[in-house]
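Trainee: If you read the protein sequences in the order shown, they are chains A and B. With the first letter of the first sequence counted as 1, position 211 gets the number 211 in our numbering; the numbers rise by one all the way through. With the first letter of the second sequence counted as 1, position 193 gets the number 193 in our numbering; the numbers rise by one all the way through.
Derived by calculation from the structure, the hints in this document are not laboratory data. Note that the structure is predicted; figures quoted are calculated from it, not measured. Some clues are possibly wrong.
[Said to hold, decoys possible] Selected chain B positions facing chain A (Cβ under 8 Å, derived; list incomplete):
id, residue
1, Met86
2, Ile108
3, Ile251
4, Glu260
5, Leu264
We treat Cβ as the ideally placed atom computed from N, Cα and C, and that holds for glycine.
2 protein chains.
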Amino acid sequence: MRTYAEYQQLVEGALSAQLASLGEIPALLFEAMDYSLSAGGKRLRPVLLLAACDTLGGDVNEALPFACALEMIHTYSLIHDDLPAMDNDDLRRGRPTNHKVYGEGMAILAGDGLLSAAAELVLRAAVCMGDLRGTKAAEAILRRAGVTGMVAGQVMDVTGEGTEPTAEKVAYIHLHKTADLLTAPIEAGLILAGATDEQVSAGCEYGKRLGLAFQMVDDLLDVEGETAVLGKTTGKDAAVGKLTWVAVHGIEKTRQDAREQVRLAVEALKSLPGETNFLKTLAQSTLNRVQ
Amino acid sequence: MRTYAEYQQLVEGALSAQLASLGEIPALLFEAMDYSLSAGGKRLRPVLLLAACDTLGGDVNEALPFACALEMIHTYSLIHDDLPAMDNDDLRRGRPTNHKVYGEGMAILAGDGLLSAAAELVLRAAVCMGDLRGTKAAEAILRRAGVTGMVAGQVMDVTGEGTEPTAEKVAYIHLHKTADLLTAPIEAGLILAGATDEQVSAGCEYGKRLGLAFQMVDDLLDVEGETAVLGKTTGKDAAVGKLTWVAVHGIEKTRQDAREQVRLAVEALKSLPGETNFLKTLAQSTLNRVQ
């Protein structure tokens with residue numbers, strides 16, 4: 001097992017190269033995709049994938065295209081999410097959003113391109129692997145990112161804006177918009193490492209709990225954080241009537257619930273063999289953001 | 001081998017069901033995706049995939065998810081293409097465009113959803129097949145639809161608008177925006193049928209030539225056609241300064257070039273075994289649209 005920084009460095013060093021490896025991409029398209037892809041961030045999703053794979057003794061280098069693909073999917077969702085027709089955000093990770101720099105048309109295409117590139121990357125890797133592990137890992141990623149996963153969550157988020165906040169609606173949005181894309185790397189990473197179905201299930205439970213905790217903390221930060229620290233506009237959720245955990249349950253209950261989700265995430269790790277300390281510490285550190 | 005109408009019917013009967021088979025999709029998202037997916041059209045891309053598979057004696061039912069995925073990709077590209085930030089079209093296949101009915105935000109998500117659903121469908125099918133044919137076919141589809149294929153062509157189309165039309169630019173746009181997505185079904189269909197690399201190459205040459213002829217005819221129709229017949233706004237290419245074959249080469253040369261591409265498409269079929277008459281007739285019928 002490596003440290004978070006080491007996994008993160010592996011991903012940082014590979015993202016642009018993986019994209020470029022797909023072939024002759026029009027210069028402006030590559031630039032627009034790479035602008036958002038190289039904007040930094042914690043690289044949580046790809047790090048989770050590499051760590052999950054490593055936990056069971058899988059080949060981290062073999063898993064790298066899958067890790068990069070997840071960051072591409074995350075990035076495409078942010079680009080489209082920031083568009084005027086959606087959240088209409090000008091700032092992301094401390095820099096102007098994609099459409100502010102490249103225009104709306106190109107931002108839509110950069111998002112389409114990143115999603116396509118992600119699918120192409122994992123499929124190319126799957127073909128090279130020679131068995132069906134890669135195909136199964138790719139299926140998990142695209143399913144969790146798709147119309148029963150992240151896109152479904154995004155739809156409910158957009159259409160829910162300004163409607164009455166209910167526990168059910170917020171749980172659906174958190175589960176699909178956020179937790180599905182944090183479960184995908186665990187599921188895919190374990191599959192690549194040759195995990196059994198039971199191990200994959202335990203990993204998915206961990207990912208789901210981690211994802212819910214992560215989004216609860218994010219909701220808290222939007223209320224309590226500062227724009228300068230987070231690199232994005234804060235206090236916006238309430239202003240536009242977003243359905244957040246805080247809006248339904250209040251700040252104190254949200255803190256409690258986040259702690260409980262982390263406890264459940266750590267609990268799920270007990271069904272996984274190997275060196276699970278990394279994943280345990282990572283789940284616990286989620287809470288540090290709002291201590 | 002079946003008739004065009006029979007392949008088309010197979011696709012029509014499966015499209016919505018394949019989408020629904022992915023699981024619990026939010027009702028409004030499903031409706032928005034299905035609105036454009038069920039809007040009719042010739043279903044050329046999925047028909048090509050089934051026919052290519054059938055030509056070499058492959059299993060048409062096994063190929064059906066791949067065929068439907070291609071139509072989903074084609075549909076997503078139309079939805080995003082029609083957006084105000086892109087071509088800003090109000091009419092498609094004789095009906096209001098997706099964003100006119102569901103709003104821009106939902107149209108962007110419906111497009112994202114259809115691309116995701118396409119990738120998920122082919123991956124699920126590939127996992128079920130048990131060998132790597134499905135993975136390879138899926139890779140061909142996503143590669144041709146991606147940042148070195150259809151998305152690349154779309155970028156050059158959008159950024160080329162209003163610039164000086166050159167033969168090189170127009171050839172690039174036609175090759176990637178149109179021909180790549182007509183080559184994908186041939187490539188994938190043949191791979192699913194267990195074709196050799198040489199056979200796949202010959203099929204790709206056919207698809208490329210067919211695609212170029214198809215787009216040349218489309219350019220001609222935009223100049224000569226009537227809105228009522230085509231179900232979309234005509235004369236718009238010239239009005240917004242689109243880079244078309246006609247703009248560079250003129251009407252008469254475009255007709256000649258289209259005929260030559262069809263001849264080359266038919267020529268390429270000679271390297272394919274099996275019953276190639278269907279693909280031959282289909283290529284030739286492209287020209288009938290502008291006789």
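Trainee: Next step is simple, just say for each hint if it's right about the structure.
Mentor: Verification of the supplied hints:
no.	hint	result
1	Met86	holds (5 Å)
2	Ile108	holds (6 Å)
3	Ile251	violated (29 Å)
4	Glu260	violated (26 Å)
5	Leu264	violated (23 Å)
In this structure, the hints that do not hold are numbers 3, 4, 5, in rising order.
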